Amino acid sequence: MSEKNKEPGVWQGFKTFLMRGNVVDLAVAVVIGAAFTNIVNSVVKGLINPLVGAIGTQNLDSYSSCLSDSCSGDKGIQLMWGSVLGAALSFVITAAVVYFLMVLPMSKYLARVEAQRKAKEGAHEVIEITELEVLKEIRDALVAQRGNGHREP
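All you need for the numbering used here is the position in the sequence shown, starting with 1, plus 42.
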């Protein structure tokens with residue numbers, strides 16, 4: 043029976059873990075990241091590689107340098123700097139897409155929402171200050187009436 047008592051706790055804990063907002067957000071981020079990977083790969087294959095191909099070859103993986111006397115086949119020491127350049131370009135393009143299509147618009151939106159919130163708070167403070175001033179005027183008028191009432195008898 044002690045095992046049955048532990049099982050609901052484990053399953054409940056697992057369910058709670060899965061239903062956390064962070065886990066769901068992470069899952070969405072992974073799916074979006076996979077979609078961006080396909081877009082970036084298409085941009086690299088369809089735009090970047092042909093532009094590089096105008097200068098040399100369309101496949102950046104073929105760019106390399108040989109450190110030994112001969113680099114034929116698998117012999118010799120080759121630095122495959124073309125594949126590193128391709129990966130770096132993919133990273134830069136991914137970062138640009140994420141920044142310009144997600145981060146920058148979201149930052150502008152959040153700044154606009156914050157400015158609207160501050161404007162509302164400012165208007166609320168103006169109303170409160172105005173109400174406070176009115177209440178002070180009422181108080182001063184009441185004090186003045188009491189003062190006048192006590193002085194006249």
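Hint data in this document are derived by calculation from the structure and do not stem from the laboratory.
A couple of the hints might just be wrong.
[Said to hold, decoys possible] Simulated crosslink set (DSS-like; lysine-lysine; CA at most 27 Å straight-line):
| hint | residue 1 | residue 2 |
| --- | --- | --- |
| 1 | K162 | K178 |
| 2 | K150 | K160 |
| 3 | K150 | K162 |
[To be verified] Derived CB-CB ranges, DEER-like:
| hint | residue 1 | residue 2 | range |
| --- | --- | --- | --- |
| 4 | F78 | T172 | 48 to 58 Å |
| 5 | Y151 | R188 | 16 to 26 Å |
| 6 | V140 | L60 | 41 to 51 Å |
| 7 | R154 | I74 | 18 to 28 Å |
Since this is a predicted model, take the numbers as computed values, not measurements.
For every residue, glycine included, the Cβ atom is placed at its ideal position computed from N, Cα and C.
Right, here's what the structure says about each hint:
1. K162 - K178: holds (24 Å)
2. K150 - K160: holds (15 Å)
3. K150 - K162: holds (18 Å)
4. F78 - T172: 48 to 58 Å: For T172 against F78, whose Cβ atoms are near 51 Å apart, the range 48 to 58 Å holds.
5. Y151 - R188: 16 to 26 Å: violated (55 Å)
6. V140 - L60: 41 to 51 Å: Between V140 and L60, where Cβ atoms are some 26 Å apart, the hint is violated.
7. R154 - I74: 18 to 28 Å: holds (23 Å)
Comparing the model with each numbered hint stated earlier shows that hints 5 and 6 do not hold.
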